[in-house]
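Residue numbers (our numbering), protein chains in the order written: chain A, 43 to 547; chain B, 43 to 547.
Warning: the hint list may mix true and false statements.
Put simply, identical chains are the same to the list, so a pair is met inside one copy or across any two.
[Said to hold, decoys possible] Below are the DSS-like pairs computed for lysine-lysine, each with C-alpha atoms no more than 27 Å apart in a straight line: (1) K131 <-> K76; (2) K226 <-> K287; (3) K454 <-> K394; (4) K285 <-> K226; (5) K338 <-> K186; (6) K318 <-> K285; (7) K94 <-> K454; (8) K186 <-> K131; (9) K94 <-> K394; (10) K226 <-> K449; (11) K449 <-> K432; (12) K373 <-> K186; (13) K432 <-> K394; (14) K131 <-> K394; (15) K76 <-> K394; (16) K338 <-> K131; (17) K486 <-> K449; (18) K394 <-> K486.
Hints in this document: simulated from the structure, not taken from any laboratory.
Keep in mind the model is a prediction, meaning the values are calculated, not measured.
Protein chains: 2
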Amino acid sequence: MSLLESDRRNCNVVDLLPYNTQQGVPITREFLLKLIEVLLEFVRQTNDRNCKVLDFHHPADMRRLLDLDLPDRPVTLQQLIDDCCLTLKYQVKTGHPRFFNQLSCGLDLVSMAGEWLTATANTNMFTYEIAPVFILMEHVVMEKMREIIGFQGGDSILAPGGSISNLYAFLAARHRMFPDYKQKGLSCIPGQLVMYTSDQCHYSVKSCAAVCGLGVDNCVEVPSDERGRMIPSELERLILERKAKGHIPFFVNATAGTTVLGAFDPIEPIADICQKYNLWLHVDAAWGGGLLLSRKYRHPRLSGIERSDSVTWNPHKLMGALLQCSTIHFKQDGLLISCNQMSAEYLFMQDKLYDVQYDTGDKVIQCGRHNDIFKLWLQWRAKGTEGFEKHMDTLMELSEYMVKRIKSMPDKYYLILEPEMVNVSFWYVPTRLRSIPHSPERAKLLGQITPVLKGRMMTAGTLMVGYQPDDARPNFFRNIISSAAVVEADIDFLLTELDRLGHDL
Amino acid sequence: MSLLESDRRNCNVVDLLPYNTQQGVPITREFLLKLIEVLLEFVRQTNDRNCKVLDFHHPADMRRLLDLDLPDRPVTLQQLIDDCCLTLKYQVKTGHPRFFNQLSCGLDLVSMAGEWLTATANTNMFTYEIAPVFILMEHVVMEKMREIIGFQGGDSILAPGGSISNLYAFLAARHRMFPDYKQKGLSCIPGQLVMYTSDQCHYSVKSCAAVCGLGVDNCVEVPSDERGRMIPSELERLILERKAKGHIPFFVNATAGTTVLGAFDPIEPIADICQKYNLWLHVDAAWGGGLLLSRKYRHPRLSGIERSDSVTWNPHKLMGALLQCSTIHFKQDGLLISCNQMSAEYLFMQDKLYDVQYDTGDKVIQCGRHNDIFKLWLQWRAKGTEGFEKHMDTLMELSEYMVKRIKSMPDKYYLILEPEMVNVSFWYVPTRLRSIPHSPERAKLLGQITPVLKGRMMTAGTLMVGYQPDDARPNFFRNIISSAAVVEADIDFLLTELDRLGHDL
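Take these sequences, add in the hints, and give me the full structure.
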């Protein structure tokens, strides 16, 4: 892979801009265009079903295949290009049509283009002063998302991932109930604070309890039904139980799209309970939020979401925005700033040239923020709201197709439950277990073969599907369809390939 | 700006990969290459001293200049390219040699190339399974950084910004002292926890106190000396004062490079005090950490850092890595995982094909993490450790040059203090105030003209320098040299331009 004309093969970083003011422009151009060829080839391979999803090696072997050393002296530009090639050679193609492994699958090329521009613009989102266009884009996109949720007015912010978004909700809820807390800490609270979430929730909810001083013991797990949905009567029972102890329930997290089963907690009855006991209702729709864009699939899954106080919604999941793009929305305006403001005089002066309400830095706990908006804004322009709706409907229809196919092969596949979303949970059944009726003992055996089959899948490199246990079951596969690259034939391939790899297990 | 051949001018997103499997490759290629031309032109302008740093407009005017609407229907690929052009037209060029406004200035083109690849690879850093190469790069780079700090072994993680890095330090410190806290919360602590930091610290330290339940009242501000450095005897006095009240001091933050003045708290005597009273010593070297790479400037500023328990160090500041790249390092291995682990079974199974100690997701509070390592790794390859050292020395020498120039014009410029770092703090003195001897009254007048001059600077678009007040002074300029693009002539320009814009104020 030759980068440069022969007389430039020994060029290094100081031949680029800004170091070399004479030849810097053409050499920089050559270097970046050569890199782009490498990236375009990766994009092509990602979209080529004849290419593998990954080329797996164990960590120690991978260390030997790569040269990761940090040298004292510069390497050449040519070496950097070679480094990029090697990196991509061994990187998992998360945008491949046969990558079903995570909640964020796919490589949206417009969002990627947006991220290239974001990198080139290299700015920080804390002030309008240095990110004017991007700050305005945040306003426009966040307003649109709140409108889709059903909030009138309100406020929003982008955060580095759904876990931090959930943390923002927790902080705002605590702040609204106990505004002295920021200054005085827990000592100003007249009793033990308690929060509620289902036993299927994302673990970041419990993490809030650990980080913020409640302790995980005071993050009460509400039992869920057989499809993974919080049982509202259990929520009420547990609220009363803690109230009887003199504790202070203050926060309920309803999950809209659980991580493993894709279950939707019933928001309406949970909202009734929150209203009755004056608790903050947060909806963690990091995963399921995208379905708000589909008239067909939004209801009943997300019905009542407009009654919540806050909503986490990650466009980097169902909507296919590049990692990371997570949003948190509040019904009440002004809370984010009063909760998180530390009034850093050096950044957020009130005597600036422009209207400083556009400076967002004092609303957040991170100070500096990565620009996560441009890729989403550009993608929204590219697809239109209708394009997102179509994307959601397609993903759901493909999941329905997969469920139908699995049900048509009851000897080879055991469907764990009828999904509400694109999480399809199942066991693969190898030949020797097909004639045995299903039972907890057989489930145990299927749970044992699941990681082995996953290992074969990774070694073969043809497919990636995740697995995990849950409280009720040993290991099972959880297939995710969240990539625009997937078509029905890929699902057919998936089911055939699992059988090819696993039938003798 | 015409993107495509005439018969492709109405193409939109569904003509790209993965939607269009026939023509997708060539159309995608054309679209992305056209974008790259737009980006390369922005890079060229950023490095062209004849181009402006920014084209300022007030928010309401900017809204009119841009078309930010989120349409129902897709726009064309051509429109997306036009959108990108317009976005960059009004974006501040943070890599311009006359951009001195933030701690992160400059556009390192290798780091940018790295970020383009990162976007294209679009993966999440929580498991080796889907980010094998990048996870190994983290190991190598983090180990190198700990070695430079002077830690033997230990553990590290990348976080979305220095504020979250500081939060990790706080959490680990609390966890080491009170391991029951995670489960039981504050109620298991036999008294009020107290933390210490100087009155010049970054506001994220106080934010930890608010977020984590201490309350800002229990984040004690230790007075600093006339150069902004924490006074160790005051620290000890304040520890004893709180101990006398039955409180539990547990955490001291020493800042290595304060945000405004660039001051270095004296680590050695602070470490002695922490040792004496058994407190966790965290060094927030988000800003000053880069100087660890310079044999010339490391001492005495960072002497003793190896005695600390944790260190925040942001390569996206002095080292010029693209935003964001922040690291937190711990002397003790194992704390991060025991502190933050929530054992999410669905992600971090122990029965995987490979050695799961490489899965980092359970060490962090974010769950998913953006890949912030590749851009830094590639940059390190490009510059070599020696290149970073040279970069640090150059930045410091340029700052010394600026101080010398300011001192040579005592009528026009008032140097606020001899800086320890690249923060040069000064007032510009307009003609009418030159004959008046300096006094608090004159300082007040200079403070009033500072934002006005900043406004003129932004309107002219030729220069960006930040300003702020501090506890001891009204508004003053804080000039930052952290960009590799800056040469002495840019500093000469800066000083001449301020005079041109402000002499009549």
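To see whether the hints hold, each was checked on the structure:
For the homomeric pair K131 and K76, the shortest alpha-carbon distances inside one copy (16 Å) and between copies (25 Å) are both at most 27 Å. Taking the closest pair of Cα atoms, K226 and K287 come within 27 Å of each other both inside a single copy (24 Å) and across two copies (16 Å). For the homomeric pair K454 and K394, the shortest alpha-carbon distance between copies (23 Å) is at most 27 Å, but the shortest distance inside one copy (67 Å) is not. For a Cα distance limit of 27 Å, the shortest separation of K285 from K226 qualifies both inside one copy, at 24 Å, and across copies, at 18 Å.
With identical chains, the CA atoms of K338 and K186 are at most 27 Å apart within one copy only, with a shortest distance of 19 Å there and 53 Å across copies. Taking CA atoms no more than 27 Å apart as the test, K318 paired with K285 passes inside one copy only; the shortest distance there is 13 Å, against 44 Å between copies. In this assembly of identical chains, the alpha carbons of K94 and K454 lie at most 27 Å apart only when taken from the same copy (24 Å versus 66 Å across copies). Taking the shortest alpha-carbon separations for K186 and K131, only the inter-copy value of 25 Å comes in at or below 27 Å, while the best intra-copy value is 39 Å.
In the homo-oligomer, the alpha carbons of K94 and K394 lie at most 27 Å apart only across protomers (20 Å), although the nearest pairing inside one protomer, at 54 Å, exceeds that limit. For a Cα distance limit of 27 Å, the shortest separation of K226 from K449 qualifies neither inside one copy, at 58 Å, nor across copies, at 45 Å. Taking identical chains as interchangeable, the C-alpha atoms of K449 and K432 lie at most 27 Å apart only when both belong to the same chain, with a minimum of 26 Å there against 65 Å between chains. Taking CA atoms no more than 27 Å apart as the test, K373 paired with K186 passes inside one copy only; the shortest distance there is 13 Å, against 46 Å between copies.
For the identical chains of this complex, K432 and K394 are neighbours neither inside a copy (44 Å) nor across copies (36 Å), given an alpha-carbon limit of 27 Å. For the identical chains of this complex, K131 and K394 are inter-copy neighbours only, at 22 Å across copies versus 49 Å inside a copy, given an alpha-carbon limit of 27 Å. In this assembly of identical chains, the alpha carbons of K76 and K394 never lie at most 27 Å apart, being 43 Å within a copy and 37 Å across copies at closest. Taking the shortest Cα distances, K338 and K131 never come within 27 Å of each other, neither inside one copy (40 Å) nor across copies (40 Å).
For the identical chains of this complex, K486 and K449 are intra-copy neighbours only, at 21 Å inside a copy versus 78 Å across copies, given an alpha-carbon limit of 27 Å. Proximity of K394 and K486 under a CA criterion of 27 Å is satisfied inter-copy only: 17 Å between copies versus 65 Å inside one chain copy.
Violated hints, in rising order: 10, 13, 15, 16; the structure is consistent with all others.
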